[in-house]
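> Knowing the structure of chain V, use the given hints to seat chain S with the ligand on it.
These protein sequence lines map, in sequence, to chains V and S. Per the working numbering, the first sequence starts with residue 118, numbered consecutively. Per the working numbering, the second sequence starts with residue 1423, numbered consecutively.
When the alpha-carbon atoms are kept at most 20 Å apart in a straight line, the in silico EDC-like pairs for lysine to aspartate or glutamate are as follows:
id	chain 1	residue 1	chain 2	residue 2
1	S	Lys1428	S	Glu1443
2	S	Lys1604	V	Asp153
3	S	Lys1452	S	Glu1468
4	S	Lys1592	V	Asp123
5	V	Lys156	V	Asp133
6	S	Lys1435	S	Asp1486
7	V	Lys156	S	Asp1608
8	S	Lys1435	S	Asp1424
9	S	Lys1604	V	Glu152
10	S	Lys1592	V	Glu140
11	V	Lys142	V	Asp123
12	S	Lys1562	S	Glu1582
13	V	Lys130	S	Glu1579
14	S	Lys1604	V	Asp133
15	S	Lys1562	V	Asp165
16	S	Lys1592	V	Glu135
17	S	Lys1490	S	Glu1579
18	S	Lys1428	S	Asp1444
19	S	Lys1592	V	Glu160
20	S	Lys1452	S	Glu1574
21	S	Lys1490	S	Asp1444
22	V	Lys130	V	Glu160
23	S	Lys1452	V	Asp165
24	S	Lys1592	V	Glu134
25	S	Lys1592	V	Asp133
26	S	Lys1604	V	Asp165
27	S	Lys1426	S	Asp1444
28	S	Lys1452	V	Asp179
29	V	Lys242	V	Asp264
30	V	Lys130	S	Glu1574
31	S	Lys1490	S	Asp1451
32	S	Lys1604	V	Glu160
33	S	Lys1592	V	Asp165
34	V	Lys130	S	Asp1573
35	V	Lys130	V	Glu141
36	S	Lys1592	V	Glu141
37	S	Lys1488	S	Asp1424
38	S	Lys1562	V	Asp133
39	S	Lys1604	V	Asp123
By construction, these hints were calculated from the structure, which means they are not laboratory data.
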Amino acid sequence: MNCRKDMIYLMHKYLDEELTLQEEKHLRLHLQQCEDCQKYFHELTRTDTLIRSTSVMQPSSDFTQNVMANLPQEKRRWGYMRWFKAHPALTAAAIFFILMFGSIFSIWDQPGQLSVSNDQDVVIKDGKVIVPEGVTIEGDLVVKNVDLQIDGSVNGNVTLINGEHLMASAGNISGEIEQVNQVFEWMWYHMKKFSKSIIDWAN
Amino acid sequence: MDLKIKQKIKQVKKGDQSAFEDIVACYQDKVYQICFRLIGNTHEAEDLAQEAFIRAYVNIQSYDDKRKFSTWLFRIATNVTIDRIRKKKPDFYLDAEVKGTDGLTMYSQLAEEQPLPEEELESLELQSYIQQQIMSLPTKYRTVVALRFVDELSLAEISEILDIPIATVKTRVYRGREALRKKLRDV
Ligand SMILES: [Zn+2]
Chain V
118 MNCRKDMIYL
128 MHKYLDEELT
138 LQEEKHLRLH
148 LQQCEDCQKY
158 FHELTRTDTL
168 IRSTSVMQPS
178 SDFTQNVMAN
188 LPQEKRRWGY
198 MRWFKAHPAL
208 TAAAIFFILM
218 FGSIFSIWDQ
228 PGQLSVSNDQ
238 DVVIKDGKVI
248 VPEGVTIEGD
258 LVVKNVDLQI
268 DGSVNGNVTL
278 INGEHLMASA
288 GNISGEIEQV
298 NQVFEWMWYH
308 MKKFSKSIID
318 WAN
Chain S
1423 MDLKIKQKIK
1433 QVKKGDQSAF
1443 EDIVACYQDK
1453 VYQICFRLIG
1463 NTHEAEDLAQ
1473 EAFIRAYVNI
1483 QSYDDKRKFS
1493 TWLFRIATNV
1503 TIDRIRKKKP
1513 DFYLDAEVKG
1523 TDGLTMYSQL
1533 AEEQPLPEEE
1543 LESLELQSYI
1553 QQQIMSLPTK
1563 YRTVVALRFV
1573 DELSLAEISE
1583 ILDIPIATVK
1593 TRVYRGREAL
1603 RKKLRDV
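In isolation and in its complexed conformation, chain V is listed as follows (with noise of 0.2 Å):
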C-alpha cells in the first residue's frame, strides 16, 4: 500500500510530539480510514508504553552515601566552616574556653607587631623574615604579621600567622607550612592546638 511509508514517518512524529497541527490533522483522518496503519499505529505506541514501563529501577539505598565517599577530598577551609556551622555548641564552648585560656581575641587585635618564635637566625629585612641561605633552624618556626621567605631550612613545622609564605629558591622545611590568615582560621588554629592539648592531658 502506498499510504505506508508516509504515513509511519507521521507516526513516529507523532510519538516525538513534533507533529504541526496540519500533519496530525492529516494522520487522524488517515487512521480514521486505513485499518492496517491503525494497526501499526497501535503497536508503534504500545513500544513506546513498553519501553517507559521499564524505567523505573533505582540504585541501591546508600548510593548517594557511595558516591559522597569517593570523591576526591576538598579544600580545607570548607572543612571547618561546615564543622563551625554544625557544632555550634561546641563552637561557643571551646571559644569560651579559648578566651579564658589563651585570649585569642586579644592576640589577634594587636595589629601588625611582628613576631618570631625563634630569631636567633633569621634575618629580618624589607618587611620579611628571611630564613638565610645555609641556615637551618631547629624545631619549629612561628612567624606572625610579617611574610616569610625560606632559602635555609627549618627542620620543623612552620606556622605563618597573618603573612606570605614568599617562594624563594631552595627553600627547605621538613614538616609542614601552614599558614592562618584569618580571624576563623586563627580559632580553628587554636581550637587544633587546645584539643591536642587536652588530649595529650588526658594521657
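Chain S with the ligand alone, transformed into the frame defined by chain V:
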C-alpha cells in the same frame, strides 16, 4: 531546573563538597537508568553511575550554569558508559552502520524475532525481556532510546547531550523504535 539545585551547584563550585550530596540525590535515578539502559546489568550500572557523578564533581568548574545541568550530567553519564562498552567490545557494533541507507532495510535486519513463551510473562520477566531487546540494538540506537525514554528528553536535548545533529537523533529514534516494535509486538 530547580532553584535549590542551582544554588547547590554554586556552592560546589566554590568548594563546598557537602552541597554535592543533594545533587546526587536529585539525579541519581535518572543517571542510573541511563547507564542501566546502555550497559544492561544493575551492578555495572551502579558502578558507572557513581563514576559519572565523581567525574561531574571533579569537572564542575567546566559546567556553564547558563545551560541545563541535566544535559551536562547526562552527557557525562552517556560517555562514561559508552567508553566502558567500547572497552568490553572493542570492535563490535558501535559505529557499524547497518547495510543499506533505507530505514526499512535496517530494521528488517534487526528484527530477527526470538520466540516468546506462550504464558503471560510476569512483570519482572517482561521488564527483563524488554531490556534484553533494547540491549540487542546497536549502541547508537540504544543510546537515543535510553535518553528518549528515561527522562522524556526532547530530540533537541538529546542532540545536545550526544553532540550530534538533531536530524540524526530523529533517524535513530525512529529506527530504534521500529526495531523494538518488531521485537515487542507479540509481547
Ligand atoms: Zn494507511
